[in-house]
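**Q** In the order they appear, the protein sequences are chains A and P. Our numbering numbers the first residue of the first sequence as 6 and each following residue consecutively. Our numbering numbers the first residue of the second sequence as 189 and each following residue consecutively.
Heads up, none of these hints are tricks.
DSS-like, lysine-lysine: derived pairs with alpha carbons at most 30 Å apart:
(1) K127(A) with K68(A)
(2) K59(A) with K127(A)
(3) K241(A) with K472(A)
(4) K346(A) with K318(A)
(5) K265(P) with K198(A)
(6) K233(P) with K241(A)
Calculated from the structure, these hints are not laboratory results.
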Amino acid sequence: MIPRIAAVAAPTGRKLEPWLGFNMNVIVAGTGEVGFHIAQRLSNEGHDVTVIEKDRDKEHVLKSRLNALVVPGSGASADVLEQAGVADTDLFVAVTDQDEVNLVASMLAHERGARRIVARIKSLEYTTEEWAHNARKLGIDLLINPQSVVADEIYRVVSYPAASEAAEFANGRVVFLGYLIGRNSPLAGISLKDLVDIRGIYRMVITAIARKHETIIPRGEDVIQEGDIVYFVCNKQDVPAINYLFEFARQPLRNVFILGGERVGEALARKMVGLGPRVKLIERDAHLCQRLAEQFEDVTVLHAEGTDVDTLKHEGIADCDTFVAVMADEQANILCSLLAKSYGARRAIALVDRHEFVTLAPSLGVDACVSPRLATASAILRYVRPRGVTSLATVEHSNAEVLEIAVPAGSPILGRPLKEIEVPRGALIGVIVRGVDIVIPGGDDHIEPADHIIVFTLPEAIPAVEKFFS
Amino acid sequence: MPIRITDYLPREFVRVPMAARDKHDAIVELVDLLARGARTRDRDKLLAAVLEREAQRTTGVGRGLAIPHAKSDVCPKLVVAFGRTEEPIDFQAIDGQPVRLVVLMAGPPDQTSPHIQILARLSRMVTNAAVLDDLLLAPTPDAVYEVIRRHDDAT
Numbered sequence: 006m007i008p009r010i011a012a013v014a015a016p017t018g019r020k021l022e023p024w025l026g027f028n029m030n031v032i033v034a035g036t037g038e039v040g041f042h043i044a045q046r047l048s049n050e051g052h053d054v055t056v057i058e059k060d061r062d063k064e065h066v067l068k069s070r071l072n073a074l075v076v077p078g079s080g081a082s083a084d085v086l087e088q089a090g091v092a093d094t095d096l097f098v099a100v101t102d103q104d105e106v107n108l109v110a111s112m113l114a115h116e117r118g119a120r121r122i123v124a125r126i127k128s129l130e131y132t133t134e135e136w137a138h139n140a141r142k143l144g145i146d147l148l149i150n151p152q153s154v155v156a157d158e159i160y161r162v163v164s165y166p167a168a169s170e171a172a173e174f175a176n177g178r179v180v181f182l183g184y185l186i187g188r189n190s191p192l193a194g195i196s197l198k199d200l201v202d203i204r205g206i207y208r209m210v211i212t213a214i215a216r217k218h219e220t221i222i223p224r225g226e227d228v229i230q231e232g233d234i235v236y237f238v239c240n241k242q243d244v245p246a247i248n249y250l251f252e253f254a255r256q257p258l259r260n261v262f263i264l265g266g267e268r269v270g271e272a273l274a275r276k277m278v279g280l281g282p283r284v285k286l287i288e289r290d291a292h293l294c295q296r297l298a299e300q301f302e303d304v305t306v307l308h309a310e311g312t313d314v315d316t317l318k319h320e321g322i323a324d325c326d327t328f329v330a331v332m333a334d335e336q337a338n339i340l341c342s343l344l345a346k347s348y349g350a351r352r353a354i355a356l357v358d359r360h361e362f363v364t365l366a367p368s369l370g371v372d373a374c375v376s377p378r379l380a381t382a383s384a385i386l387r388y389v390r391p392r393g394v395t396s397l398a399t400v401e402h403s404n405a406e407v408l409e410i411a412v413p414a415g416s417p418i419l420g421r422p423l424k425e426i427e428v429p430r431g432a433l434i435g436v437i438v439r440g441v442d443i444v445i446p447g448g449d450d451h452i453e454p455a456d457h458i459i460v461f462t463l464p465e466a467i468p469a470v471e472k473f474f475s
Numbered sequence: 189m190p191i192r193i194t195d196y197l198p199r200e201f202v203r204v205p206m207a208a209r210d211k212h213d214a215i216v217e218l219v220d221l222l223a224r225g226a227r228t229r230d231r232d233k234l235l236a237a238v239l240e241r242e243a244q245r246t247t248g249v250g251r252g253l254a255i256p257h258a259k260s261d262v263c264p265k266l267v268v269a270f271g272r273t274e275e276p277i278d279f280q281a282i283d284g285q286p287v288r289l290v291v292l293m294a295g296p297p298d299q300t301s302p303h304i305q306i307l308a309r310l311s312r313m314v315t316n317a318a319v320l321d322d323l324l325l326a327p328t329p330d331a332v333y334e335v336i337r338r339h340d341d342a343t
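Sequences are here, hints too, so could you generate the full structure?
**A** Here it is in structure tokens:
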């Protein structure tokens with residue numbers, strides 16, 4: 006039995022033991038939300054992190070809040086890069102505010118010997134096929150576009166109605182889902198032991214429960230309460246049966262409203278049309294509306310404010326299955342989501358970036374938040390995981406992670422019953438992916454060579470988990 | 189106070205032995221038992237709901253037990269019917285084993301919590317080898333009912 010572990014949301018500044026063999030020299034150029042988050046995560050995991058920041062006023066704050074060396078200056082300056090030790094860098098992350106600075110910094114870092122390079126590029130002009138080719142020439146291994154990443158993320162959340170968290174593993178055959186337990190949920194008052202007993206027919210593994218400000222890995226006697234967010238993994242094929250009994254599901258998606266027609270809204274509208282529902286895109290800017298209307302045949306483009314209740318009512322907000330607010334103003338996104346819900350929208354998803362709001366919004370009634378910062382950071386972190394970890398999702402409330410791991414041949418844990426394996430504290434094996442089978446493991450099951458395992462881990466256990474399964 | 193199976197299983201809803209020789213007939217036989225006992229307003233609707241749920245994924249939990257179930261407004265109260273077949277039948281159970289114990293559960297959508305708890309309790313009951321043996325060997329419906337009642341009292 007794994008002991009109960011509590012994690013405080015967003016641990017800061019705590020130095021953990023470096024993980025043997027994986028300790029990297031990392032340079033992060035730019036310490037906006039994304040850069041700060043990545044630097045914090047990687048330094049907490051024991052890597053040697055250097056940040057480059059041109060704004061000297063931020064230097065003091067960075068030094069006090071990050072376990073990292075701070076080099077003042079521009080990432081696009083060769084001198085500054087030398088000073089940051091670029092020649093000996095395993096990973097160079099260019100995430101300043103300006104695309105061009107990120108491109109130049111990446112190119113310089115590549116020339117000076119940085120081994121892997123990730124650059125964030127905001128402009129969609131740089132994300133075409135042609136640009137992927139250019140990026141390789143510049144030595145960039147991964148080009149990340151926050152708008153695309155966040156549109157992908159929202160699309161995934163929308164396609165799992167009612168989930169506050171959704172991620173797919175094993176090429177889409179395994180899903181990790183998180184659901185808020187409402188007052189009328191049949192799961193309120195049910196013990197974990199009961200759910201373990203019915204695993205024969207309801208094949209899911211509860212990996213964690215978020216309760217107020219902590220995330221716990223539950224034990225058998227723990228009881229699910231109203232207000233909890235319950236996280237589980239299961240075979241995607243079992244989702245309909247699980248939805249049937251536990252009542253997570255709503256009606257199939259028919260009417261979707263998207264508030265905000267800029268890049269994220271546009272990319273999302275394009276994806277949603279393919280999914281089948283009627284899509285209405287609301288945008289306050291008349292010129293943008295004009296352009297969107299010309300571009301989309303199957304989307305109704307409305308020129309209105311998100312607070313324009315008459316228009317919302319007239320356009321059928323009462324029949325809206327999912328309302329998605331993706332404007333640049335995150336506070337407006339939260340408020341307009343709540344407004345739409347108060348007029349009948351059944352589900353509201355808001356683009357929210359500040360950690361405080363991501364934590365607050367669900368308690369106000371926003372069903373799911375998607376954060377460009379977390380989505381971008383997790384896309385980058387996914388890339389920097391050691392070999393063997395093939396896929397990863399970050400849980401917004403707690404920074405916990407779900408990893409898909411290919412256990413290497415020769416690992417001492419292969420072939421041993423799971424009850425004899427001491428998985429690191431704060432981690433839990435969800436399911437075993439064995440060829441075409443998805444195994445919900447019990448204590449007598451074991452991991453075979455070529456299996457993949459889906460592991461849930463609290464943030465403080467991540468280094469230990471990666472070491473343990475490698 | 190743990191939930192009791194016998195609070196939801198009337199003595200007259202134990203059918204031993206069942207006439208059914210396959211999965212579909214076993215479900216029909218137990219649905220008819222509930223219908224004759226006036227525990228559903230619409231026998232056909234209930235049967236359709238149980239079969240629809242069964243089509244999503246088998247309810248054969250392993251160890252020779254299957255628990256077909258459904259939530260439907262045509263059942264005003266959560267109710268359980270218990271049957272034992274003469275011969276083992278194929279239920280496409282999770283452990284690949286054939287089934288002799290078939291337990292039907294039906295209740296309204298707003299009684300899903302006890303529904304889940306009874307599902308868990310039934311699944312747990314057959315992990316006790318002695319109880320499982322007693323359930324398979326008890327000669328009469330009354331004797332089967334007593335095995336379940338004793339298990340309720342003991343845990």
